[in-house]
Amino acid sequence: MDKKIDFIFDQLPFLTAIALAPLLSGLINRTKAFYAGRKGQPLFQQYYDISKLLKKGTLYSRTTSWVFRVSPLLSLSVCLTAIMFFYPFGGVSSPVSFAGDFIFVAYLFALSRFFVIIAAMDTGSSFEGMGASREAFFAFFAEAALFLSFIAISCFSRVPSLNTMFSAIHLSVQFFSPYMLLVAVALFIVMLAENCRVPVDDPNTHLELTMIHEVMVLDYGGPDFAFILYASALKLWFFASMIVTLLFPVKTGNLLIDLPLFLSGIFLVAFAIGTVESIMARFRFEKVQRLLIFAAVLSAMSLLMISFGGGR
Amino acid sequence: MNFFLIGISILFAAGGFCVLAGKNKKLVLLFHVLGNLWALIFTSFPVFDTIINERLHTFRFSLGIPFFSFSILIDPLAAFFLILIFFISFLCSLYAMSYMRSAHSDIGWFCFFSGLLTISMALVVASSNLVLFLFSWELMSLSSFILVNFENGEKAVRDASWVYIAASHFGYVFIIILFFLMMKISGSVEFSDILIGKDFAGVVVIFSLIGFGAKAGFVPLHVWLPRAHPAAPSHISALMSGVMIKLGIYGILRTFSLLENIPVWFAVAILAIGIISAMAGIINSLARQDIKKLLAYCSVENLGIIAIGVGLGFTALSLGEGRIAIFAFAGAVLHILNHCLSKSLLFFSAGAFIKSVGSRDIDKMGGIIKRMPLSGLSFLVGSASISSLPFFNGFIGEFLIYLAAVFGLYSSSMLLFIISVLVIVSLSLVGALALMCFTSVFGVVFLGEPRSESCRTALEAPGSMCFVQALLAIICVSISFSAFLFVDLLMPILSTFCRSSSSAMYNMKNSFNEIRVILSILSLSSLILFVFFMLILFLRRFGSRKMKEESVCTWDCGYAKPTARMQYTASSFVNPMARFFDAVLRPEVSRPETRGIFPNKTIFSFEIKDFFERYIYMPVISRMLRFSTALIRLDGAGGIHLYIFLMIIALVALLSWTFTYG
Amino acid sequence: MNAELFDALMIMMFISNFGLLSSSRILACVSFLAFQGIISSIVPLTHSMGLAPLLFCVVIMLLKGFIFPWLIRRALSAVSAKREVEPIVGYTASILTGLLALIIIFICCRGINFNREILSPIGVPAAIFTIFTGLFLIVARVKALTQVIGYVVFENGIYLLGASLMIEQGFLVELGIILDLLGFVLIAGIVTFHINRAFDHIDTDNLLASEAETVKTKT
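If you read the sequences in order, they're chains A, B and C. The numbers in the working numbering rise by one with no breaks, and the one at position 196 of the first sequence is 196. The numbers in the working numbering rise by one with no breaks, and the one at position 353 of the second sequence is 1353. The numbers in the working numbering rise by one with no breaks, and the one at position 142 of the third sequence is 2142.
I should point out that these hints are in silico values taken from the structure, not numbers from a laboratory. Any given hint could turn out to be false.
[Said to hold, decoys possible] What follows is a list of derived Cβ distance ranges for each label pair:
(1) B/N1510 <-> A/Y35: 56 to 62 angstroms
(2) C/I2187 <-> A/F285: 37 to 43 angstroms
(3) B/W1162 <-> A/L207: 37 to 43 angstroms
[Unchecked claim] Only part of the chain C face toward chain A is listed, based on derived beta-carbon distances under 10 angstroms:
(4) F2018
(5) S2031
(6) I2088
(7) L2102
(8) I2122
(9) Q2147
(10) V2191
This structure is a prediction, so every number in the text was calculated from the model and none was measured. Cβ coordinates follow ideal geometry from the N, Cα and C atoms, glycine included.
Could you build all of it, start to finish, from the sequences and the hints given here?
Okay, structure coming up:
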């Protein structure tokens, strides 16, 4: 009985992610509403959306093939697998982990991106082709920034595995590391890019002039769209939990303290995203390119300072 | 050992039968397939024996000619390449059974020279005598030249084959000089007797990089690849891209195995060439409309990745980091295997849909996946594999190279740290570019609406072509799950060229255990992904049993008449990236103005020529041509005077040299 | 604690330098300059506390953080020039050149033996990078105002070099340099105003051409 409880507690990060991921979008929307002086959507709106969509029928375009039908399922399975690699509470190790698994996780997201892009091309619509082209273009810079952030953290912790390299950063090692703050900012920018947030992409607009991610899923409806919404929520949770572990390196090993701290960190990150979305407008595409290069440069700076500067 | 010779002889004999069968296409192709099949079966005996039991196979037959003896040595490195050669040749011959059925006559000679190409490649890899190596290398170049030049009715094909043979011979000159040097240094013509010390290591490395690099397609010696591949028939492109250019890497590895130790800076040079080739290759493949040119540049990119692995390995070796070296070499060798399989798969699928649609231009295709489902699925597997996505085999080789670089990050050597960062960053950039390239190709060719009439009526490829594609696709996916099982077989392969330091040898067993464990968890993760996918698929199907599923047209924002031409084409898809790399690609745009209310018809053209071809080769070649024409014109009246004059000068020079130094 | 504060300040210097390299509006450049001025004035406080350093810090902060930017903004509004920076080297290329320079600077500084106790090994690279940014702005940007900004950044870098090497009693020298700088900015502001009045723009490249034209029209 004891072992069973232990096992459940060990999977708690996974269960929290699955249960609470759609809450993030509600928090972000409420923050934006707060800044706009509105009351805003209910906090659990995305839950209602997903359950409503799951009950609907589906409408497929005649142009599409099996690729279009497979892509949302693949996105969701990729996000679920990715979460298994990163368990952010102290003292809990992820069920799957091996040296270099951060490369595997980054490429898993690339696999999901590959299928989302070709599913968008599958519809034969020029809108979706446009979004697909932009997504592939920005992926170039976002991947560079993501990889540089990962190797900066890996250099700092001297461990090549995703879970252990984040858990090696905790309060007993040093009080506050400015280098990890830089990497956290870079990861924040990458998170904005990958998860369809202002200033890279506006999740509310449906004008082809401004869309990247929204336009690629324009033709989806019903349960497929529910899967896509849920998968993007999980991806946002994944990135947010990475940033929280970098910025709040408190890992006491006691779940009762770690879990509320972690959740409050995630909610703070959601609040930060909502704030950024409210105070900024979407950048021009050239500026987005510069922003992502800037994120890569931040991580590169952090890497330089860690390796040449003594790495405190 | 005799099995190997029997295999080669059967292949040669089959080639002879093909020539005799002449007009009867079916019989010719049947002989071709049977010859390749029996060659594969016979050579697999010594090959697997060498790899699994680690026994060397030798054969020696003296021909009475000085320096030249027919001596064969199959060691694990050679065995690895032999598997690739014979397996892909067999698949090519199966593919040719349907593909060449509608070709014009001369198939008999074509199959003969195909067989000869396979035989010469096998001899290159297995030969232990320097002169035999040179002889087989030239035979390989000549037979591939004839194969590339098969459809020589078109001028483009003839031009391309001339460029190819010129480039081959350019590299060949360097290889001849290299081997001459090796013979002079060590006094022997057998590979097993040669050992080159520190003094000559630099010269040997430079010559081997240029000579073998020309065959492998390293930038800037790659210009023949994007010309030769579109010109050749698709399965010859597959054979060349999948196997023949890897022989350049084989030559480099074999040469390096003869060196006592490799100076650090030359290993770094290989790495730099690898990074430049990878980046230049994939950037150039972005903006292509000809599918085969695109795949050719993609080969340049992947050879660059292999060179990155090899360079990283040798750098780590010379700095004493055995573990990193072994990871990097294992990654490079696995990438050779994976690229061979996936590039052949891509060329086979490309050949299938080129034949069905009748054009190589991807911007005229679309929606083919509904007409050619199997080719589409195979091309998808090939693209995902080449873009190094997990769950497919292409990821594994590149992952090990990444991992070697990650371990290099922790090293105390600043050089290795900087190199590791460069490797990781460039591999990630190359991966993102490959993703863009192959999503655009697959999306434009197979998905969406057909952009031309011939796509609407395209038919699925005939039987044997489908079978070959399906087989390769299954192998690609299964390698990603089973890699950890056979990764230990790489150990003898690595020990043939990895003998620089003894500490590396000691680490090898531990490192391979580590590699095996990591790859097994990797396969487990892919399995988890697959399980999640199946679960969600089942839930989706089960949950929506009772729900409606309707079919409409794509949401078109209210446009009354959307046409297929409104879709994104490949060039528009990659346009942002092509503009970002404007300085490298330098497109030639001709955009004539349209004036007035009813302007005349004008043509807009956007062409990208290869950067090295335009700025280095063309100026040099045209200058040389001008010089030589001027030289001819110098002659004046008669024909002989200039030549006699030159002969007199040469004679005087030789005499004075002999008198001063003799 | 001191070392960490110093590190944090150096990181902010790096970020402001990259901001200068990549921003396309002159006003944004001026804001980054003000930010840099405030940061570099705080730096000497990390290793020596006292009345003199505190006073000095306040003076420098006022000058570099508020007065210089105000002067430059005044010149900008008087000139009514286009608000874009007009680069010779494009923005992305500038950022990447900056990164490359940063890598080379870090590699070179690693081998230097300073023979004195320094607070943190990233101080000297940060200073040299600031100098590089200043020079880059002077060389790779077209407008005269950005050249003024570049000169101030250059001076920031030199000051930072002294601060990070903890050269004591550098105050007098620094005051002298600041006075020079003040004079330069004032004069540059006046000159820019007059250039604009004569030629209607402040493009240094075109000055030569327009001068030739006016000479031609005169004769």
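Results of checking the hints against the structure:
1. B/N1510 <-> A/Y35: 56 to 62 angstroms: 57 angstroms, holds
2. C/I2187 <-> A/F285: 37 to 43 angstroms: 41 angstroms, holds
3. B/W1162 <-> A/L207: 37 to 43 angstroms: The hint (37 to 43 angstroms, Cβ to Cβ) is violated, given that B/W1162 and A/L207 are roughly 53 angstroms apart.
4. F2018: Interface hint status for C/F2018: holds (6 angstroms vs cutoff 10 angstroms).
5. S2031: Violated. Min distance 16 angstroms.
6. I2088: For C/I2088, the interface hint is violated, since the closest Cβ of chain A sits about 17 angstroms away, which is over 10 angstroms.
7. L2102: 6 angstroms, holds
8. I2122: 4 angstroms, holds
9. Q2147: 22 angstroms, violated
10. V2191: 32 angstroms, violated
Consistency with the previously given hints fails for numbers 3, 5, 6, 9 and 10, ordered from lowest to highest.
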